[in-house]
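**Q** Each chain, letter by letter, is given below.
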Amino acid sequence: MLDRDEDILKAAENWTKAGHGVALATVVETWGSAPRPAGSSLVINDDGTFLGSVSGGCVEGAVVTEALDVIASGQPKMLEFGVADETAWNVGLSCGGTIRVFVEKVGNS
Amino acid sequence: MKQHTLAELNSERAARRAVIVITNVSNGDQRLVKAADIAADPLHVELDRQLRMGKSGMIEVGGEKLFLNVYAPTARLVIVGAVHISQALAPLAQSLGYDVFVVDPRTAFASPERFPDVPLFADWPDVALPPLNVDRYTAFVALTHDPKIDDPALLHALSRECFYIGALGSRKTHGKRLDRLKAQGASDEVLARIHAPIGLAIGAVSPSEIAVSIMAEITAVLRLPAEMRPRAKSAA
Numbered sequence: 001m002l003d004r005d006e007d008i009l010k011a012a013e014n015w016t017k018a019g020h021g022v023a024l025a026t027v028v029e030t031w032g033s034a035p036r037p038a039g040s041s042l043v044i045n046d047d048g049t050f051l052g053s054v055s056g057g058c059v060e061g062a063v064v065t066e067a068l069d070v071i072a073s074g075q076p077k078m079l080e081f082g083v084a085d086e087t088a089w090n091v092g093l094s095c096g097g098t099i100r101v102f103v104e105k106v107g108n109s
Numbered sequence: 001m002k003q004h005t006l007a008e009l010n011s012e013r014a015a016r017r018a019v020i021v022i023t024n025v026s027n028g029d030q031r032l033v034k035a036a037d038i039a040a041d042p043l044h045v046e047l048d049r050q051l052r053m054g055k056s057g058m059i060e061v062g063g064e065k066l067f068l069n070v071y072a073p074t075a076r077l078v079i080v081g082a083v084h085i086s087q088a089l090a091p092l093a094q095s096l097g098y099d100v101f102v103v104d105p106r107t108a109f110a111s112p113e114r115f116p117d118v119p120l121f122a123d124w125p126d127v128a129l130p131p132l133n134v135d136r137y138t139a140f141v142a143l144t145h146d147p148k149i150d151d152p153a154l155l156h157a158l159s160r161e162c163f164y165i166g167a168l169g170s171r172k173t174h175g176k177r178l179d180r181l182k183a184q185g186a187s188d189e190v191l192a193r194i195h196a197p198i199g200l201a202i203g204a205v206s207p208s209e210i211a212v213s214i215m216a217e218i219t220a221v222l223r224l225p226a227e228m229r230p231r232a233k234s235a236a
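Order-wise, the sequence lines are chains B and S.
Take the first sequence: its letters are residues 1 to 109, numbered as in the numbering used here.
Take the second sequence: its letters are residues 1 to 236, numbered as in the numbering used here.
These are calculated hints, taken from the structure and not from any lab test.
One or more hints might be untrue.
What the hints assert, rightly or not - Below 20 angstroms or equal to it, Euclidean Cα-Cα: the simulated EDC-like pairs (lysine to aspartate or glutamate) are:
id	chain 1	residue 1	chain 2	residue 2
1	B	K17	S	E8
2	S	K2	B	D46
3	B	K77	B	E60
4	S	K55	B	D47
5	S	K34	B	D7
6	S	K176	S	D146
7	B	K77	S	E161
8	S	K148	S	E113
9	S	K55	B	D7
10	B	K10	S	E12
11	S	K2	B	E80
12	S	K2	B	D7
13	S	K65	S	D29
14	S	K172	S	D188
15	S	K65	B	E29
16	S	K2	S	E46
17	S	K65	B	E80
18	B	K77	S	E64
19	S	K182	S	D126
20	B	K77	S	E60
21	B	K17	B	D47
22	S	K2	B	E60
23	B	K17	B	D46
24	S	K176	S	E189
25	B	K77	B	E66
26	B	K10	S	E8
27	S	K148	S	D123
28	S	K34	B	E13
29	S	K2	S	E12
30	B	K17	S	E12
31	S	K176	S	D151
32	S	K34	S	E161
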């Protein structure tokens, strides 16, 4: 109820109206000491501009890269991030938790 | 997310109405449920639970994983009475994430020195309250002990859907207050919405402790179904 994570969705709406390709990345599951709770989100446009956060800085770069693919393909993707050396990712969460991030395109298709 | 879903989500949030977006994470299927439509939804039990806790999360229904993303408005606390308890209550509520507003027509009480960082309205309730748009995500407390200020403020709150209404004063003071409000046309049923004496019975003595007991009661009403809430002072 006390969410202050406002207005990035408003930015996403404005970007789509301006003709940008836009993706929405949302933390959907967390285990252990995840830095941001389920529901936290990040929006990205086809310039690579992003707003919001899913991890407090650890994995945003990788999420943005994946989001650009999702904007291009239109296919949603589930990403999972754990500690760096236990996953295929070259980025990870230093806090030791695991998060799952759902990335979807914003659009009419 | 479809563009029109995003637009609808944003317009509901701008109007301070709660919304839940349900996403099937295996195929991306998505739908939006407005707070007003939850009772009629097949997932109403799950939706109601998540909304009450203000928490997003994954559920499994018929082997499908669904993510429920809860968008609830920021809760507000309207405090009528810029009194000593309010000086402790305002920063406590802010630390819990509430947007806090203080109303008191007595300018000596409602001074920025006494309430740094809190929006102050040094006006009578009939002038100050309507623009604050007291709604179902607002908790409302009347703390002046002065019927001239508290009574009209409570009548205003009772005419709105705030999730919590509380008033300071002993059982005896509250009894007299109920008589006065009834004389002004409020029904017993409506008046039963007022939590008085205000706060949970935790033996609070100082203004700060009373503020804690008030915020504890507000939290219980916000988060727990009625049958699970701790006993209020009035029921003790």
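**Q** All hints are to be evaluated individually against the structure, with a verdict given for each.
**A** Taking the hints in turn, this is what the structure says about them:
1. K17/B - E8/S: holds (14 angstroms)
2. K2/S - D46/B: Distance ~17 angstroms between K2/S and D46/B Cα, so the pair holds.
3. K77/B - E60/B: Given that 20 angstroms is the threshold and the Cα spacing comes to 15 angstroms, the pair holds.
4. K55/S - D47/B: The hint is violated at about 32 angstroms.
5. K34/S - D7/B: holds (19 angstroms)
6. K176/S - D146/S: This hinted pair holds, its Cα atoms lying about 12 angstroms apart.
7. K77/B - E161/S: violated (41 angstroms)
8. K148/S - E113/S: Violated - the C-alpha atoms of E113/S and K148/S are around 25 angstroms apart, more than 20 angstroms.
9. K55/S - D7/B: holds (18 angstroms)
10. K10/B - E12/S: With Cα atoms ~12 angstroms apart, K10/B and E12/S stay inside 20 angstroms; holds.
11. K2/S - E80/B: violated (24 angstroms)
12. K2/S - D7/B: Holds, because 17 angstroms separates the two Cα atoms, which is no more than 20 angstroms.
13. K65/S - D29/S: Measuring from Cα to Cα gives roughly 11 angstroms; hence the hint holds.
14. K172/S - D188/S: holds (17 angstroms)
15. K65/S - E29/B: Measuring from Cα to Cα gives roughly 11 angstroms; hence the hint holds.
16. K2/S - E46/S: Violated - the C-alpha atoms of E46/S and K2/S are around 24 angstroms apart, more than 20 angstroms.
17. K65/S - E80/B: holds (16 angstroms)
18. K77/B - E64/S: Judged against 20 angstroms, a Cα distance of about 16 angstroms means the pair holds.
19. K182/S - D126/S: holds (19 angstroms)
20. K77/B - E60/S: OK: K77/B and E60/S at ~19 angstroms, within 20 angstroms.
21. K17/B - D47/B: Holds - the C-alpha atoms of D47/B and K17/B are around 15 angstroms apart, at most 20 angstroms.
22. K2/S - E60/B: Not OK: K2/S and E60/B at ~23 angstroms, beyond 20 angstroms, violated.
23. K17/B - D46/B: holds (13 angstroms)
24. K176/S - E189/S: Judged against 20 angstroms, a Cα distance of about 17 angstroms means the pair holds.
25. K77/B - E66/B: OK: K77/B and E66/B at ~8 angstroms, within 20 angstroms.
26. K10/B - E8/S: holds (11 angstroms)
27. K148/S - D123/S: holds (13 angstroms)
28. K34/S - E13/B: holds (19 angstroms)
29. K2/S - E12/S: holds (16 angstroms)
30. K17/B - E12/S: The given pair, whose Cα atoms are some 18 angstroms apart, holds under the 20 angstroms limit.
31. K176/S - D151/S: With a Cα-Cα distance of about 11 angstroms, the restraint between K176/S and D151/S holds, given a limit of 20 angstroms.
32. K34/S - E161/S: holds (17 angstroms)
Of the hints listed earlier, those the structure fails to meet are numbers 4, 7, 8, 11, 16 and 22, in rising order.
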